[in-house]
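Chemist: Spelled out from the first residue to the last, the chains are:
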Amino acid sequence: MSNKIQSFLVTALWICIATVVFAQEPGVDEIIRKANDASYYAGRDGRADVKMSIADKKGSTRVREFSILRLNAQGKDQKFYVYFKAPADVRKMAYLVWKNAGKDDDRWLWLPALNLVKRIAPGDKRTSFVGSDFLYEDVSGRGIEEDDHVLVKTTDSEYVIKSTPKDAQSVEFSHYNIWIDKTTFLPLKAEYYDKNGKLYRSVEAKTVETIQGYPTVTEAVASDLKAGSSTKNVFSNIEYDIGLKERIFTERFLRRPPREVTR
Amino acid sequence: MGSKVLVLTIVCMWISILSQTVHGQDETVLDRLGIDVHGFLDMRGGIRTQDDPYERDTSLAEVRMQVDMSKISDVATLQVRADFLYDDVPEDRDIDLEDGTGEIDLRGANVLFSPFSIVDMKVGRQILTWGTGDLLFINDLFPKDWQSFFVGRDEEYLKAPSDAVFVSLFPAFANIDVAYTPRFDADRYISGERLSFWDPMGGSRSGRENMVHGDKPDGWFEDDEISIRVYRHMAGCELALYGYNGFWKSPKGMDRQTENATFPRLWAYGASLQGPLGSGLLSLEAGHYVSDEDESGKDPFVPNSELRLLAGYEREVAKNLTAKFQYYLEYMQDYGHYKASLEAGQKARDEDRHVLTLRLTKLVLNQNMTLSFFAYFSPSDEDAYLRPMIKYKVTDSWLVMAGGNVFTGKEDHTFFGQFEKNTNVYAAVRYSF
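Respectively, the protein sequence lines represent chains A and D.
Sequence positions in the first sequence follow the working numbering and run 1 to 263.
Sequence positions in the second sequence follow the working numbering and run 1 to 433.
These aren't lab readings, by the way, just hints derived from the structure by calculation.
C-beta atoms are modelled at their ideal positions from N, C-alpha and C, and glycine is treated no differently.
Heads up, a few of these hints could be off.
To be verified - Listing some non-contacts, in silico: residues in chain A with all C-beta distances to chain D over 12 Å:
(1) Phe8
(2) Arg44
(3) Lys76
(4) Ala86
(5) Ala88
(6) Asp89
(7) Asn100
(8) Asp106
(9) Ser128
(10) Asp147
(11) Glu209
(12) Val234
Stated by the list, open to error - Chain D is faced by these chain A residues, among others (derived, beta-carbon under 7 Å):
(13) Gly59
(14) Pro87
(15) Arg91
(16) Ala113
(17) Asn115
(18) Ala121
(19) Gly131
(20) Glu191
(21) Lys195
(22) Asn196
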């Protein structure tokens, strides 16, 4: 065989071996990307009813109920429509968010008492969502490019990843660990460590069901270990690929809530 | 007094009857009819912090029950929202659904439906709001209730209901809203019934003993109002154009013969732009008020035309703390003619009235407590109006709040300075159902 063909075959062989080796386990970036897709981008669109029970350390509970519509738009952009049903003083208020990947969100609030669509300034995504232990970022998703991810352990059923923020000043945690299910790629648990390295917050998926072929978290709990409070989210009436139109995520439908949220 | 208590009692009984479980079944009568009922019971009281020779010491003493009923069907949504009010402050008044006096204030009674795919219509009594200002209004010429606003009622009550047909069109190039009010809906203006004010004719403060009674144009379809907004979202911003044809909303004019306050004709047009700037939200708005009945500005009994500008910026400054800052300008046209037309001794307003506002909102205790502060300050008028407020959600149903309305000013005749004797503090308890 000529030298050229020989070296070509050797290179080809190495490429094959390398592909086989790397195909055994995905790289950390791929795991994180798949986990992000499974959590926040399942299907073309989706809806769910959410019941949020917030318990403080004394045990008294507050309940928030809302319906949420989600649409995957261009690229990693998304649109959300949140329609509140309880408690009574926020009933029929609605929240519209256009998530722009890599930029600030566009947000609007519908105030039924004033018949007013009010545009609101984008806020810190690590702020509590409606006073619960879930943060705005937990609901809309954290950009995967914001942290450095390292695969620390692989078990039979899970990948354990340690994520460290690229901009340490922008967040209140020093790092967090996530346990991702190997088959569904859903994050099952996340534990957050503060600037002193102490565990202060955890988010866990308690129940996972498969709905229309998509693995879905139907019960999740977020715990604030410092404050001693916890919030349980129960998701019901989950549907995917219902054919939501992009025009629903506009002012018109804040004034005239679509059937998908009011029923 | 008797009729007030009776109305309240009847309503409470009716609500509890309708909520009773239909015998033997899980559904209530309301569930069967597909009617959704919610509302609140609000008790609030307030007192002046200084003497006002023209008014009572009590600024606020009321029990209000709001009942909001709605029925949603595939074809239309019906809504009725009524306030049943036991109000101890004013002298007994008859129920007037137009002015909102008496024991019943009908806040909403309308039907929302979509006759064509690109048209939505809401017909009946409804609250109408648009524009980008925060407690400042340029192109929002829908009726306002200044008395409720200054006296410590919930901010929601700054807007008074309109009886109108609201049509929204959604062609591809822009959205168009048209609000047609067949009979003029005036502001619930400061009449002196609850708040003392500056009487320009008398040259002094005035109140209950000399109340303002405006001559409201009340011809159906003859004295009508039309408001238009054309808006579009582009490049992350919202651009809107506005138009209005109707009347000045508060009785700023005067009839020479009868000496009654009047509502002169007005038409206005303007524009606004709102969009992200840095990590916050920028709002810009402008409007031109054309006083039809006195275009030259020479008539002392009709307000002059004005130009109004607004620039605002809102930003989250720390976790759970938002700040919004606004600059607002009122520029009176034909100022020379206005000054020449004043009578001897009458106080003149400035050609340029500048106003700055600041709103700070802080959420604490898991967002169950809101600390809010809104201030208007006019460097040109040298007066101010402050609205501090604390609100705490004790449980999902119970809410307590307390706040103040502080008026201060160097002069007695400027917009906020005139209300100096009305500075009050208030507290409220609300149960939502």
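Chemist: Now tell me if each hint is right for this structure.
Modeler: Right, here's what the structure says about each hint:
no., hint, in the structure
1, Phe8, "52 Å, holds"
2, Arg44, "22 Å, holds"
3, Lys76, "17 Å, holds"
4, Ala86, "7 Å, violated"
5, Ala88, "4 Å, violated"
6, Asp89, "4 Å, violated"
7, Asn100, "8 Å, violated"
8, Asp106, "6 Å, violated"
9, Ser128, "6 Å, violated"
10, Asp147, "20 Å, holds"
11, Glu209, "27 Å, holds"
12, Val234, "17 Å, holds"
13, Gly59, "13 Å, violated"
14, Pro87, "4 Å, holds"
15, Arg91, "6 Å, holds"
16, Ala113, "4 Å, holds"
17, Asn115, "5 Å, holds"
18, Ala121, "4 Å, holds"
19, Gly131, "3 Å, holds"
20, Glu191, "21 Å, violated"
21, Lys195, "15 Å, violated"
22, Asn196, "19 Å, violated"
In summary, the structure is inconsistent with hints 4, 5, 6, 7, 8, 9, 13, 20, 21 and 22 from the numbered list given earlier, while agreeing with the others.
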